[in-house]
Each structure stands twice: as structure tokens, then as C-alpha cells.
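Novice: Here is how the chains run, residue by residue.
Protein chains: 2
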Amino acid sequence: MAYELFYWPDIQGRGEFVRLALEEAGAEYVDVARSGGLGAMMALMEGEGVERPPFAPPFLRDGDVLVGQTAAILFYLGPRLGLAPSGEEGRLWTHQIQLTIADLVAETHDTHHPISGGLYYEDQKPEAARRAKDFRRERIPRFLGWFETVLARNPAGSGYLVGAGLTYADLSLFQVVEGLTYAFPRAAKRAMRHTPRVAALHARVAERPRIRAYLDSGRRLPFSEEGIFRRYPELDG
Amino acid sequence: MAYELFYWPDIQGRGEFVRLALEEAGAEYVDVARSGGLGAMMALMEGEGVERPPFAPPFLRDGDVLVGQTAAILFYLGPRLGLAPSGEEGRLWTHQIQLTIADLVAETHDTHHPISGGLYYEDQKPEAARRAKDFRRERIPRFLGWFETVLARNPAGSGYLVGAGLTYADLSLFQVVEGLTYAFPRAAKRAMRHTPRVAALHARVAERPRIRAYLDSGRRLPFSEEGIFRRYPELDG
Numbered sequence: 000m001a002y003e004l005f006y007w008p009d010i011q012g013r014g015e016f017v018r019l020a021l022e023e024a025g026a027e028y029v030d031v032a033r034s035g036g037l038g039a040m041m042a043l044m045e046g047e048g049v050e051r052p053p054f055a056p057p058f059l060r061d062g063d064v065l066v067g068q069t070a071a072i073l074f075y076l077g078p079r080l081g082l083a084p085s086g087e088e089g090r091l092w093t094h095q096i097q098l099t100i101a102d103l104v105a106e107t108h109d110t111h112h113p114i115s116g117g118l119y120y121e122d123q124k125p126e127a128a129r130r131a132k133d134f135r136r137e138r139i140p141r142f143l144g145w146f147e148t149v150l151a152r153n154p155a156g157s158g159y160l161v162g163a164g165l166t167y168a169d170l171s172l173f174q175v176v177e178g179l180t181y182a183f184p185r186a187a188k189r190a191m192r193h194t195p196r197v198a199a200l201h202a203r204v205a206e207r208p209r210i211r212a213y214l215d216s217g218r219r220l221p222f223s224e225e226g227i228f229r230r231y232p233e234l235d236g
Numbered sequence: 000m001a002y003e004l005f006y007w008p009d010i011q012g013r014g015e016f017v018r019l020a021l022e023e024a025g026a027e028y029v030d031v032a033r034s035g036g037l038g039a040m041m042a043l044m045e046g047e048g049v050e051r052p053p054f055a056p057p058f059l060r061d062g063d064v065l066v067g068q069t070a071a072i073l074f075y076l077g078p079r080l081g082l083a084p085s086g087e088e089g090r091l092w093t094h095q096i097q098l099t100i101a102d103l104v105a106e107t108h109d110t111h112h113p114i115s116g117g118l119y120y121e122d123q124k125p126e127a128a129r130r131a132k133d134f135r136r137e138r139i140p141r142f143l144g145w146f147e148t149v150l151a152r153n154p155a156g157s158g159y160l161v162g163a164g165l166t167y168a169d170l171s172l173f174q175v176v177e178g179l180t181y182a183f184p185r186a187a188k189r190a191m192r193h194t195p196r197v198a199a200l201h202a203r204v205a206e207r208p209r210i211r212a213y214l215d216s217g218r219r220l221p222f223s224e225e226g227i228f229r230r231y232p233e234l235d236g
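Line order of the protein sequences matches chains B and X.
Under numbering that gives the first Met the number 0, the residue at position 139 of the first sequence is numbered 138, and the numbers go up by one with no gaps.
Under numbering that gives the first Met the number 0, the residue at position 15 of the second sequence is numbered 14, and the numbers go up by one with no gaps.
If you are wondering where the hints come from, they were derived from the structure by calculation, not from laboratory data.
Treat the hints loosely; a few may be bogus.
[Claimed, not checked] Cut-off 27 Å, straight-line C-alpha distance, at most; resulting in silico cross-link-like pairs (BS3-like, lysine-lysine):
(1) LYS188/X - LYS132/X
(2) LYS188/B - LYS124/B
(3) LYS124/X - LYS188/X
(4) LYS124/X - LYS132/B
(5) LYS132/X - LYS124/B
(6) LYS124/B - LYS124/X
(7) LYS132/B - LYS132/X
(8) LYS188/B - LYS132/B
[As the list claims (entries may be wrong)] Looking from chain B toward chain X, a few residues come up when the C-beta cut is under 7 Å (computed):
(9) PHE54
(10) VAL64
(11) GLN68
(12) GLN95
(13) LEU98
(14) ILE114
(15) GLU126
(16) ARG129
(17) ARG130
(18) GLU137
(19) TRP145
Heads up, the beta-carbon is just placed ideally off N, CA and C, and yes, glycines get one too.
Given the sequences, and given the hints that come with them, work out the whole structure.
Specialist: Shown next as C-alpha cells:
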């Protein structure tokens, strides 16, 4: 049976980290809200009969199993899609990297919404300018530097984050680099000069046949100023 | 062999979620940085020979295994301490709840640091006032309301979040209620009027003998204006 992914239909957002894993694996899946199922998605969050309601999208349904939280979805899917190491320790390490990516994604979101996700960017521009400056100067280099270290110290020397082969964390790091490069073209380029392994991983993932086909397809939504990675030139310094 | 917990020695912070699980289980553990091992902690983060360096504290060492990210540490410890359900689905659901608690903790931190964790609160007070207002009005009720729903829909009707018995997620929700009540006494009290199950769980956890003994011991650090949950009366509205 096909996996059912539930996420907002008009943005990449956090759902994109799950889409990339499903696409790379060639898995059969339905992007429910994009297939006319926005009502079904809302019912799973707000319906009174749902025993384990997700707090927010994305979430995944696999038969009877309903899983929310991006990193938990990928932890669940990883072994099933062949995108996680075998042993517990390797899977936990991959998950730990994914959770650090999730922290970076949340911080990226808050560069344009430092006060409230319920207000428009236009209602929090001065605060966004201050937060984005710190994000560019301190946080992007710190996070990308950590990923660079992880790549450098992988004893398999594979150029991937964990072990000898591709995992979902590599796909997610690809997406983060895509997103930061869209949102902060100048700051991201500056930071990446110091993280050649991160840049190489990004280029390598982009050339994987199924990822390439996905990126070129209509299934890949464009970045936009409705998502997590937004291009507001004034925030790029 | 004793578990080794690595966390900043002077605050509850994110380390406290791990401490509560270890204490409830009566596990043997060393709080390394509080036992004079701050240098050892820094070496694990910054030493060049560490194959899987944690991005930030807390992290846990169990023999050869080194795990970072609070929720991942608890996912690892849960089954070992008897604080997680058996079966994959129950463990994943417990983890999903924990990740939502982690989101709430990060948002709480940002009420006093909406611009940068590298600046003092005093350098971001106007922004903090705006963010805290939204947090009190929108976010505390939303998160606590979700936990209330999870408690209400647990088919075991146990008063715990998952299944018939206590899990680490219950301990973490206890800590969140403690922290919100410290930091936002008025807003937390207001919100808890609508979440009687959350309030009851908090009271019940506080009466568990090992938790009670821990809270009364010198091992429990006090809340302070250095941690995540800070009492700045002007942020409580």
C-alpha cells in the first residue's frame, strides 16, 4: 500500500524532507493534500476520533501507523526505504544529525518570523533584520561547520554523513543547502567556502538520477515567500 | 557501568529532562560536568579525535555509545530504564510527543532570546516583550491543549500520555509545567484551568517517591535566570 504524506499543498516546507526520501527510494506515495485531500489532513489533526493526533504537518500514514514530526517520520521510513544504516547506533547517529538539521530549519524560519508565526513578515521586519544578522554571522557557519566536521570524520570516508552509503540525513542536508542558498545567496555562498565537503555532498545528491528527475518534475514545488526558506534581500545583509 | 550525562553544571536546562528519567529509574549515573568534568565535556564537543561529536549539550555516554539531542537521548534510554512502551509504534508515539515538548522548550527559550542566544536578555527586551505576548496568548494554550487531548484520548485511560504506565514523556511534561509555572506564573495558571489532565499529571509525577526525593535533594538545581525557564515578570503580561 502506498505511503500517505500529509503536508500543506503549496509549499516545500518541512514536508520536503520527507518527499526527498520517498522520491530517492522510488517509493509509492500519495501527497494527500496536493491530491485534493486537504480536508482529510485537517480531519486527522482536528477530528475528535483520532487517537494520536499530530500536532502539526507533516505527518505520514502507513496503514495503521500515523507518525508526525519530520525527524520521527524519517526515523520510521529510513530502514524501510533503505536510507538508514542497519544497527541501532548508526540509526541513532543519523537521527541525531537529522534533529540538528531540524533545529537549523526552525532557526531559519525564525529569521523572518522572530516574534510570531501568526503575524506577517511585514509586521516584524525590524526584529527579523536583527535576528537574520545573527543567523548569517553566527548560526549558518556554526551549523554548516558541524556538518563539515561530521563529513570529515566519517571513518568510511564516503563523502556521506553516516557510513558508506546515502541516508535520509544526506538528502536533508542537500535540501538545507538548497534552501539557504535560495534565502541567503550571499551569506550561504560565503559560509560554503569553508565547508567544501558540504558543498560536494550537495552537488552529488543533486546528480542522483531519481533526485534529478524529481527536481525537474512538477512534483517539486518552487521555493517561495510562503515557506521556510524565503528570499528577502534585506535579510541577506 | 554508570551512565555519564554531560550538561552545563549550573542550570536545569535541557539536561533536566534526562536527569528526571535517570532519577525516576533509580539509574546509576554521573553528572559529569557537575562532578568537575566540564573539561571532559568540552573535549567531547571540540576534540579533534571524536568521531561523532555532539552539536551541543546535553549528551549521554553509555560505554562506547555517545548520544546527543535530548529527545534522542530519551529515545535511547527509555526502554533501558523501563520508561517507554514495548512495541515500535508506542515508542515512536512517545518520541513524537517528546519532540513536540522539545519544540515548546525551544519556543520558551526564545521568549527571552528572540534575536540571539549570543546576546543578553537586556539587549533584546523590546523584542522579548512582543514574542512573550504571543507565546502566552497563542503558544502555551496551543501546546498544553494538545497534551490535554493526548491524555484524554489515551485509550488506556491511565492519566499518563502513552499506554498504561509512566514514560519519560510524562516526566518531561511535568518539567515543562514546572518551568512554565516558574517563568510565567500568571499565564501558566490561566492556561492550566483549561487543561485539568495536564495539571493532574503534573501533581501525580511530583508525588512519585524517587522524583520527590530528587526534587528535595541538592541534585535538583533551582530555576534561575540563566536557564531556559526564566522569571522576568515583565514577560508574564
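Novice: All hints, please: hold or fail.
Specialist: Outcome of the hint check:
The suggested pairing of LYS188/X with LYS132/X holds, with an alpha-carbon distance near 15 Å, which does not exceed 27 Å. Using a Cα cut-off of 27 Å, the hinted pair LYS188/B and LYS124/B holds, with the two alpha carbons roughly 24 Å apart. With a C-alpha separation of about 24 Å, the suggested pair LYS124/X and LYS188/X falls inside the 27 Å cut-off, and the hint holds. Distance restraint check for LYS124/X and LYS132/B: the Cα-Cα separation of roughly 17 Å lies within the 27 Å cut-off, and the hinted pair is therefore satisfied.
Between the alpha carbons of LYS132/X and LYS124/B the distance comes to roughly 17 Å, so the proposed pair stays at or under 27 Å and holds. A distance of roughly 16 Å separates the Cα atoms of LYS124/B and LYS124/X; the hinted pair therefore holds under the 27 Å criterion. Restraint check: the Cα-Cα separation between LYS132/B and LYS132/X comes to about 23 Å, which is no more than 27 Å; the hinted pair holds. For the hint pairing LYS188/B with LYS132/B, the CA-to-CA distance comes to about 15 Å; that is within 27 Å, so the pair holds.
With its C-beta approaching chain X no nearer than about 5 Å, PHE54/B sits inside the 7 Å limit, and its interface hint holds. For VAL64/B, the suggested interface contact is upheld, since its CB lies about 6 Å from the closest CB of chain X, less than 7 Å. Using the Cβ-Cβ criterion of 7 Å, the hint placing GLN68/B at the interface with chain X is satisfied: the shortest such distance is roughly 4 Å. Taking 7 Å as the C-beta contact cut-off toward chain X, the hint placing GLN95/B at the interface holds, the least distance being around 5 Å.
Proximity of LEU98/B to chain X holds as hinted, the smallest CB-CB distance being about 4 Å (cut-off 7 Å). With its C-beta approaching chain X no nearer than about 5 Å, ILE114/B sits inside the 7 Å limit, and its interface hint holds. Hint status for GLU126/B relative to chain X: holds, with the closest Cβ pair at about 5 Å, below 7 Å. A cut of 7 Å between beta carbons decides the hint on ARG129/B: the least distance to chain X is about 5 Å, and the hint holds.
Taking 7 Å as the C-beta cut-off, the interface hint given for ARG130/B holds, the closest approach to chain X being about 5 Å. With a cut of 7 Å, the hint placing GLU137/B at the interface with chain X holds, because the nearest CB-to-CB distance is about 6 Å. The beta carbon of TRP145/B comes within 5 Å of a beta carbon in chain X, closer than 7 Å, and the hint placing it at the interface holds.
The earlier numbered hints are all upheld by this structure, with none contradicted.
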